[in-house]
Amino acid sequence: MTLDDATFEQIVTAYYEPLYRFAFSLVQRESDARDLTQDTFAQLGRKSHQVQEQAKVKSWLFTTLYRAFVDSHRWKTRYPHVEADDAVNEMPAVTADAGDRLDAETALQALKEVPEVFRVPLTLFYLDQHSYLEIAEILGVPVGTVMSRISRGRAMLRQLMEDRPRNLISFDKLKRSVVL
Amino acid sequence: MNSEEAKRLLEVFRAGGADMEDPRFAEALLQTERDRELGRWFEDQRRFDQQFAEGVKTISVPTDLRDSILAQRKVVRFSRWAQWRARAAVAASFVVLAVGGGVLATNKPAQFTEFRAELIDQAWDGGAHLDFESSDPKKIQRWLVQNDASASFSLPDGLKDAHLIGCKLVETDGLRVPMLCLTDGTRHMHLFLVDGLQLAHMPASDKPDFEKCGVWRTASWQQGGTTYVLTGMKYQTFVNKFRKGGRWTMSG
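From first to last, the protein sequence lines are chains P and D. Just so we're aligned, residue 1 is where the first sequence starts under my numbering, counting upward by one. Just so we're aligned, residue 1001 is where the second sequence starts under my numbering, counting upward by one.
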């Protein structure tokens, strides 16, 4: 892909916000999220030849950012044998009214508490920039795994929202129930 | 498609979202009309997801991020163009010397980028991190004088708030270069001070040369005959601390 200044600016304008939000959800710190986002666009400047067509640039940006995060945080070392699907029967039941008690700030706070293995696909899902097939490509996992993680992550969010006012269940306990 | 299959698929459905062209969703949505229980579940999930999607979109994006990204590209492009020019200049010089019968053989770095890389390599050669520890600039200057090194530097305004830890003398290319070790409270920085350096493509005083050198982010500039090379900070930290209103303030 040829990347002249006008095209680069167009791409930055289109994607810097969702990319930053994704970065923030990964690192939880503004300065680190900024660096990840800037580094990703810097890489685009250097490696635009890797992107075969402009339609693929969005996925390339998210994939590159995610890989940079994984490399820098040794994500796989921290979570060496994540098998979220094994936890299917341990997830809390879904109740009908949890969603009614949400506001954006609470939602964001709850999302932060979800373990990374679920938070990453969930954030990509809620950013609504990619199909679930593309999310699987970005994360480098099978489509079925993405679907499961979104489903389990959502169930954890619901449980968080259910328990938050009463503080009846520590979320650490919920996290321990997932095989990490 | 039965209700169970539809439910599994609808777990990743977003109304008006990125999957709308997937025909399987249309089939799953039809099933929500046939199965009322599935329909209720689906409506509840949509409400829940909508609020979380709004939550994610409330993550505030720094207002100057876009400009920083675009400015960074200009710096990188400038640097690459300058490197190409420097290489071309070196190549041209070589040809002229060869034609004149005076082929020059030297191991000295021909351009600033090479010198900077050597400097940073030498600074992290596995030896002691610091030769002298002190948070007092005067004591550090005195130590440098005692060790026959240049001590005529002044700490740039942008680093006035940083805390000095000590210094080291880095020997490279026949020069003894003072390296100050500082911290801004969270990050560890090294500032190299080189007097009278004359190489191809030196950094300017008003256009800092931002570059990644190995694992280090670097910013280099000149002031009063001294070349400063700062390493250990991230792009954004450089931009926030030293560029205000789009202008480089470190050497102004």
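Please keep in mind that the hints were generated in silico from the structure rather than gathered at the bench. Glycine is no exception: its CB is placed at the ideal position from the N, C-alpha and C atoms. Among the hints, erroneous ones may be present.
[Unchecked claim] List time: in silico DSS-like cross-link candidates among lysine-lysine, alpha-carbon distance up to 27 angstroms: (1) 1057/D - 58/P; (2) 1057/D - 1007/D; (3) 1139/D - 56/P; (4) 58/P - 1168/D; (5) 47/P - 58/P; (6) 1138/D - 1168/D; (7) 1212/D - 1139/D; (8) 1057/D - 112/P; (9) 112/P - 47/P; (10) 1212/D - 1168/D; (11) 1160/D - 1139/D; (12) 1160/D - 1138/D; (13) 47/P - 1168/D; (14) 1168/D - 1139/D.
[What the hints assert, rightly or not] Some chain D residues near chain P, calculated using beta-carbon distances under 10 angstroms: (15) 1051; (16) 1143; (17) 1147.
Taking each numbered hint in turn, which are not upheld by the structure, reported in ascending numerical order?
3, 4, 7, 9, 13, 16, 17
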